[in-house]
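Going down the list, the sequences are from chains A and B. Letter 156 of the first sequence, counting from 1, is numbered 156 in our numbering, and no numbers are missing. Letter 415 of the second sequence, counting from 1, is numbered 415 in our numbering, and no numbers are missing.
There may be inaccurate statements among the hints.
[Said to hold, decoys possible] If you only want the chain B side, here are some residues facing chain A, beta carbon under 8 Å, derived:
{"hint": "1", "residue": "Asn14"}
{"hint": "2", "residue": "Gln17"}
{"hint": "3", "residue": "Leu19"}
{"hint": "4", "residue": "Leu58"}
{"hint": "5", "residue": "Val62"}
{"hint": "6", "residue": "Thr65"}
{"hint": "7", "residue": "Ala66"}
No lab work stands behind these hints, which were simulated from the structure alone. Even for Gly, the Cβ is constructed at its ideal location relative to N, Cα and C.
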Amino acid sequence: MSTFSNKIESLPTEIQSLVLEELHRIASRFMRGEQQGHTLQATALVNEAYLKLANKTMHVVDKKHFTAIAAQQMRRILVDHAREKNAAKRGGNQVKVTLVDHHGDINALCGHNQLELIYIDELLNQLATFDSRASQIFELKLFSMLSHPDIAELLQLSLATIERDIQAAKAWFKVQLQAETLNSSVPEG
Amino acid sequence: MDQQKWSLIKDLFNHAQTLPKEQQRGYVTEHSNGDSEIIANVLEMLGVDDQKQSPPNLTNIVAATASDLLLDEQVLRVGDLVEHFEVVGPIGEGGMGSVFLAKRKENDFEQFVAIKVIHRKHITSQNVRRFRRERQILASLNHKNIASFIGGGETQQGQPYIILEYVKGLTITQYCQQNNLNIELRIELFKQVLAAVIYAHQNLIVHRDIKPSNVLVNAQGEVKLLDFGIAKLIQDTSENSNTSGDFTQEFARVLTPANASPEQVLGSNITTRSDVYGLGALLMHLLTDEPVFDSTDSSKSSIESMILDSLPVRPSVKCMACDDENIRSRAKALKGDLDTIVMKALQKEPERRYSSTEHLLEDIIRHQQNYPISAKPDSVTYRVSKFIQRNTLSTLFVSLFVVSLLSASIIIMQQSKVIQQERDSAVQQAFVAKETARFMTNIFDAASPNVHAGESISVKSVLDQAATDLANLQNDPFIKAQLSITLAKVYNQLGEYQQSSGLIEQAEGYVSESTRTSVFSGDISLKYLLGNEKGSLLLNTGQYKEALQLFSALSADLARDQFQGLSSDNFDLYYIWIEHGLGSAYSYNGLEEKALVHYQNSLTRSEQVIAMGKVHVDELTKDLASRYFGLGHSLRHTGDFAASSEVLLRGIEIEKSLNRPPSLDLAHGLNQLASTLTKLDEFDKAEVYALEGLQIRRDILEYGHIEIIASTGMLSNIYAKQKQFSKSIEMRKDMLDMVEQALGIEHPFYATVMNALGKLHILVSDYDSAQSYLVSSHQKFIRLFPEGHKHIADVLTTLGDLALHQAQNDEALMTLSKALKMLAEKAPDISHLMAKTNALYGIALYRDNQGEKALEYETKALTILKNLYGEEGNEYQGLYQRIQAAKL
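Go ahead and model the full structure; you've got the sequences and the hints to work with.
And the structure:
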């Protein structure tokens, strides 16, 4: 297993394309089940993620490790986007929302998703304060959509551990999302 | 939350989950030490699923956000209103923005427009500035071949937009292909593009991104130039001053690299000539249906290096290489003017392109009206600068030396393999192979596209770079030695003797370093590779004695090394090389009898090895014709013209059967055959072969190359034999110029040519000129060769001949007897020279009334001549009649 630390841009072409390919895969997983005609847009997302990655020193142990980094990156891109969008829409005002009808048609949720995503991000951060492992595992699950066995292999943990952490994290998230009166203000920054 | 508490909660939750619902509460309460907070938490986590209200699906939220982010790229949506226009849908995506189709409906009138906007995420103050500039530029342009500007502004959200004429049509390349336009019509379309660009230039605007996708053709066949997105006002200094750095960087992303001009790739100054390049590239695409450089499988950096370093393939050649019969048939029409026009527009250096788009248009019109165009083909332009011309070589040559380079490394590897088996060091071989391959690959990376397309290429610049790289290479001396030798070989073949010599010296250094320090052990191979190359260089630079010494020493070494770890395959190869080298060296030293033996050895062994199908078969087959040529050469010089002619023809046959492009080897063989045929008095045939040889050499080599000199000499000889003396003298003089320029006046050839000129001037009775050539020649030979050398005897004989013509009989007697004495010291000599000297001496004696003594020489001369040419030949008859005349 080779370890190297490099700016993506200065990596050999084949590795660069591997990186792109991987990001593209991740992006299209997000798009699955969405409307058609997203190829271009998926590419745009990939490029966006890639450019951010490329500008920072990255430590790639192997493809799986890269996937983890990409997941983090994807999380950042999406959360940043959600924040921007929220700020733009609401003119920066804090706003109260209710998260009630959030099942069903995703398209109907447009507008809420940004807030929810910001909240998910917040919860991941919270979870990390008392269970960083579970937080990392759950981040991978959400943002890279790796399978549980892949996550286990990536983190060198048993599959059972991964399953348990995900179950617990999921349950905790749900409790937080529900128990929250959701009348509180959306965290900023 | 507390970590420890969470840890407990998690454990309880995980375990409880495995239990049936009804047992969960009991289990949790029992195992939580009565901590009500923990119990509540765990039950809550367990209980969420029971609730009727579904919790949010987290993954869906993420996906929805991603989708939202993507959709957000589109700043306009169907139905949005921009001014009076309603957005119908997206048309295209660019690097920075999108273009939407929109329409305005008024009464029965429907107007379609294109609205261009920047992606929201690209809205930076700089981009907005740029976008406004485009708007400003477009607003100032009003031309039927430029998509017209309708309006622009900013939406309420501060989103800048431009409204343009909507061009419904195809890109110009698609249009040409779909309508299967002929070349004339394609050029007509191109002239419309030119008109648009000329107009823009007149308004001080450089487009900077001319490419097929920015040139549309509508249903009426009208060209519309689009996308002034990166256009620039020529005198717009503001952006050059403080933001030029950003600007260049921005281009790096915005420009389609495949269409960029060299100066755009380099980020240097952009002028109207950058558009000339873009137009040249577009014209190339229109004429050949292919872009200048194929960028499909290339990375950005490799496209950039192509743009900077590779010479484009001429349109006609590009078409010729095409699979499509229809495109191939265009080649003929493109050859000449259109090739030249495109190539001039695509010059790497802006100053060598058309100075303006108007000039480009002029040349196109001139071409259409069959006037001579202003641009000159490269080859002519290049001739102006000797140095640059030197760098330009045809592909024929490139392919040749690729082969020689590769075979050198195979030989080395073969040797390393033997050693590897002996010393069990597999790593070594792999490493040598890898390093060699890598270096070779680097050399030819730049060259390869052209090799395939059959186009001229700047080989020497590639080589020079390789030589520099080599000097700086941090690598084992063994590998460096090998690479130096290989490069030296290439330079040697190119006639760049100085560089070759430098590299040989360098290689010698590496070889001795290698024996001391290297971890590799292919020293034996290195010695022979180096020796062979050095010997060949010595021969090419006229150091015949040194060459003979070197090959003799190598030969002795080889006999010893045969039992010292040299593989038998390599032994054979080196033997063949050295014997051939000895043949050449003896031949150049005037010892043809000896040369014959060695040439024969080389040929015989070559054929044996090839017949046995051993390791170096390819290498040997490639050179087999040369072995025949060497032998044929010696056979001629030893007077066996029939055999010589047969052997040379066989060699030419072999060479032609290899189906490679006409090579220098072939030219050599043709020249040799021409020479032999002259001896057989078959001048007309000889002329044909000599001309074929000269043509090949001229195609491959530059003016003044030693082999062109040799071919010229041959033809001069033939013309002399055909009694076309003035033509012959012309060629000799040309030859003398070339020798002086390429080899210097100290090269033995120089004196040889002067000797020949002397002979020719005797034939046209210009004795004064003859005298001055011959005396200079004689003086040079004396300086260059040891006393009694054949060349000295030759020029003395000619001087004697001159004296006879000038009726200076005493002078003739003296000179000729000196020549005879020199020749007599040689081995039994039945050469033409011997005959001629004897004959002339005889003539001088007859004139001196020493009939008895004269008869002796007459007999000797005529016997040799009869043996060589028969009694019917011109050679015999000419001298015979002169002798008879002297008797009177």
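Hint check:
| no. | hint | in the structure |
| --- | --- | --- |
| 1 | Asn14 | holds, 5 Å |
| 2 | Gln17 | holds, 6 Å |
| 3 | Leu19 | violated, 14 Å |
| 4 | Leu58 | holds, 6 Å |
| 5 | Val62 | holds, 5 Å |
| 6 | Thr65 | holds, 4 Å |
| 7 | Ala66 | holds, 4 Å |
Hint check: a violation occurs at hint 3 only; the rest are consistent with the structure.
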